[in-house]
Structures are given as structure tokens and as C-alpha cells.
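Visitor: All chains, full assembly: derive it from the sequences and hints.
Counting in my numbering, the sequence shown runs from 1 upward without gaps.
In case anyone wonders, no lab produced these hints; they're calculated from the structure. One thing to keep in mind: the hints can contain errors.
Listed next, the in silico SDA-like pairs over lysine to any residue satisfying Cα-Cα at most 20 Å (straight line) [claimed, not checked]:
1. Lys-132 - Thr-268
2. Lys-89 - Val-106
3. Lys-31 - Lys-105
4. Lys-105 - Ala-32
5. Lys-132 - Gly-165
6. Lys-132 - Gly-88
7. Lys-89 - Ala-399
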Amino acid sequence: MALDSSPIDWLMSTQSRGVVPGLQRMERLLKAMGNPEQRLRCLHVAGTNGKGSVCALSESVLRAAGYRTGLYTSPHLVDFSERIRVNGKNANSTALEEGILGLRKVTGGWGEADQPTFFELVTALAFEYFAKEGCEIVVLETGLGGRLDATNTAPKLACAITPIGLDHTEWLGESLPEIAREKAGIFRTGIPAVIAPQEEEVRESLARVAQEQGVPCHWVTEALDEALVVGLRGSHQRWNAATALRLLEIAGFQIAPEVGALGVAGVTWPGRFQRLGTEGLILDGAHNVHAARQLVAVWREEFAQERCRLIFGALADKDPATILRILSPIASEIYLVPVASSRSMDPEILARFAGDFSPPVHVFSSLAEALKLVETSSPSSQVPVLLAGSLFLVGEALALVSGRGVSLRSQ
Numbered sequence: 001m002a003l004d005s006s007p008i009d010w011l012m013s014t015q016s017r018g019v020v021p022g023l024q025r026m027e028r029l030l031k032a033m034g035n036p037e038q039r040l041r042c043l044h045v046a047g048t049n050g051k052g053s054v055c056a057l058s059e060s061v062l063r064a065a066g067y068r069t070g071l072y073t074s075p076h077l078v079d080f081s082e083r084i085r086v087n088g089k090n091a092n093s094t095a096l097e098e099g100i101l102g103l104r105k106v107t108g109g110w111g112e113a114d115q116p117t118f119f120e121l122v123t124a125l126a127f128e129y130f131a132k133e134g135c136e137i138v139v140l141e142t143g144l145g146g147r148l149d150a151t152n153t154a155p156k157l158a159c160a161i162t163p164i165g166l167d168h169t170e171w172l173g174e175s176l177p178e179i180a181r182e183k184a185g186i187f188r189t190g191i192p193a194v195i196a197p198q199e200e201e202v203r204e205s206l207a208r209v210a211q212e213q214g215v216p217c218h219w220v221t222e223a224l225d226e227a228l229v230v231g232l233r234g235s236h237q238r239w240n241a242a243t244a245l246r247l248l249e250i251a252g253f254q255i256a257p258e259v260g261a262l263g264v265a266g267v268t269w270p271g272r273f274q275r276l277g278t279e280g281l282i283l284d285g286a287h288n289v290h291a292a293r294q295l296v297a298v299w300r301e302e303f304a305q306e307r308c309r310l311i312f313g314a315l316a317d318k319d320p321a322t323i324l325r326i327l328s329p330i331a332s333e334i335y336l337v338p339v340a341s342s343r344s345m346d347p348e349i350l351a352r353f354a355g356d357f358s359p360p361v362h363v364f365s366s367l368a369e370a371l372k373l374v375e376t377s378s379p380s381s382q383v384p385v386l387l388a389g390s391l392f393l394v395g396e397a398l399a400l401v402s403g404r405g406v407s408l409r410s411q
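Guide: Following this line, the structure appears as C-alpha cells:
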């Protein structure tokens, strides 16, 4: 990348380095920056599904309780600044650019093999931003795994493990117990951890690591009371809310019941069964088998036996054929689209896997083309529209809908 490129363009260009396991680069980077993470108090959340929701719920409750909060999540949907939030607001773009310039200066003389990855740079940027903003408590979502994740360099008050499934097997292991041990890498001796309901073999693996490391474990056995409102759709979000509240409790926060209720009711987390107002479009970032099954369950809770027009696109490394097969029973039609990523599954190829599905399958050259068809459909064809398969696809949809001023008919 040219030296005169914008700070954000330079940062985005580092994605080409891919995933490089290890914490040595991150530790060196933080030291060169004066170790801003040491000025933070953090809650650390790992898992396969639900970790973003648990982070959002935890932060919402803490903010309702009057704390100055930091929230670090990934990926972003539309704008990079979504990844780094203070008191519910995206990070200031000017401050981020200044921070990126600092990162570029610090690493400028390092050899190619020592250059930090994109996620490492962003995590360090977040740590510095939160420290400068005087955040009283920061909620961190791991990126990939746990043990070697860049976020694992932060000091922590407590940890949480959300439901674990098969994902990122090329990095984390090919079995659930192996993946569980990697996720449990965020544990620290004497630091309490809350664990959401798990498959039995995952539970055993997590319990074994906790015992080996002297980690006090708190197991979530009940979902949030039905009398309380959760600002996110789906019964599984009651389990996420229970996990979030338990995380705050074991971390030492004394949250009044009415404040906890206010926080879980007021949470927002885009791309998770998100209804776009009256536009008749529902967005969900379900991108693995476990999440797809959960999405079907939520759809049944919301729409019973009514079927949707499914707009689907996925990354090739996410087992898209299996995900599509799981989602097909709730679809009356399937619209296959590419994802704006070099890792996108070709919808023409995916259509071959979908050949034996009962719903009619249509292939589009772009998401914009599929959304245009939905927008211009006759009233008689108006059935709920669900877009799923990738958070990248959700982000593209949000950008298209807001950018074009699309106004889909109310369902």
C-alpha cells in the first residue's frame, strides 16, 4: 500500500496477511504502544454462536447502570467504527485515523514476518481508544478461538463461554472437545467464568480445563424469566441474557434488578433477526450449522408454519450447502446471491447442491438484483423475506437499503 494512502485504506490492506496464530506480535505491538490494555478492566467473551449478543447485552446493562463502557466486536456490518464503541456510540473517525497513523508509525520498521495482522492492529487500536476515552469497563468479543486470539492479551475481571459448535476447524481443531479447549484459552487462574449450556462433550472439556487451571466456573442452567423483555428476537436470546447477567454478577457488579431489566430490554444488535422497520425484510447473519438451526427455530417462533422468500449467500468455507439445506424447509423460494468477498461461494455452484430442494431456486448475479426483485414484486406475492448466510451479506444489504433509499412493502 502506498505511503500516501488514507489511514483506513492502509489498515484494510493488512487483511491480505490473513490469520497468523500466535500472540508474540500482539505483545510486541502493545509494548511499543505503552501497553494501553493495562489501563483497562475487561470482560472477555468467547464461543461459536451468541458471543456478540452476550457482549451487546452485557454492555447495555452496564451502560444502564451508569458505567462508561467500551464494546469491542467483529466484524463490522457497514462502517469500520462499529467495531469500537464507547457508551453505545461508534468510535470517532478522526480519532481512529490518528490511532491508525500511530500504528503505522510504530510498525513501519518491522520486518515482514513481524508485521501484525489486521485483527491484531484493530484490537490494539481499540485498547488504545478505550484507554484514552476513560472507559470504566470494556466488553471484549474474541475474534477467532480464544487461546491465541489478540484480545487474550487484555486483563480481565471475568470470562464467558457461549455455545460452542464446529467452526473455523482449520484453526481450532476438528472435534468439539478440541475447539472447546481453544475457546477455554481465555481462562485465567482465579478469574471466574460463566458458561452457557453446551453439548456434553464440550461441557466436559471446559470443566476439565477449568479444573486444571483453577478457574471458578458458573454454569447457566436457566434462561431469563419470561416476564422480562429482551430487545433481541428469539428464545435463545433469553439464554444469552441470562449468561450476560451472570457474567456481570461474577465480575463483581451489583446490578439492581430493575436496571438489569432496562438494559436487556434496550439492547440493540444489528443483523440478528433484524427487522428493517416496515420494509418487510429480516436480516440474520447465521453463517454456520448451529446458527442456521437456531434461525429456523426463531423463524418458527415468529411465523409458525408461514414460509419466507429466502435470500441466501455464504462464504465457501462455511459449509453453505448444509446451511442452505437446514434453512430450506422454511422457504417458499430461494434466491441465491454472491457475497462481497473473495471467499464467496459461487451461487451457480451452490444451485447445483440445491437442485433436490423442494423450494424453487433462482440465481442472481448480485444482492442488489435480488433485492430489486423483492422490492418490485406484486402485492399477491408478498410473503416474509429473510436474508441469511453471512454477516458480510447482512452488511451489504444494510448499505444497499440505506444508500438507495429502498422502501420494501410492508408485509
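Visitor: The structure should be examined with respect to each hint, and the outcome stated for every one.
Guide: Comparing the hints with the structure gives:
no.	hint	verdict
1	Lys-132 - Thr-268	violated, 25 Å
2	Lys-89 - Val-106	violated, 27 Å
3	Lys-31 - Lys-105	holds, 14 Å
4	Lys-105 - Ala-32	holds, 10 Å
5	Lys-132 - Gly-165	violated, 36 Å
6	Lys-132 - Gly-88	holds, 16 Å
7	Lys-89 - Ala-399	holds, 19 Å
Checked against the numbered hints given earlier, this structure breaks hints 1, 2 and 5; the rest are met.
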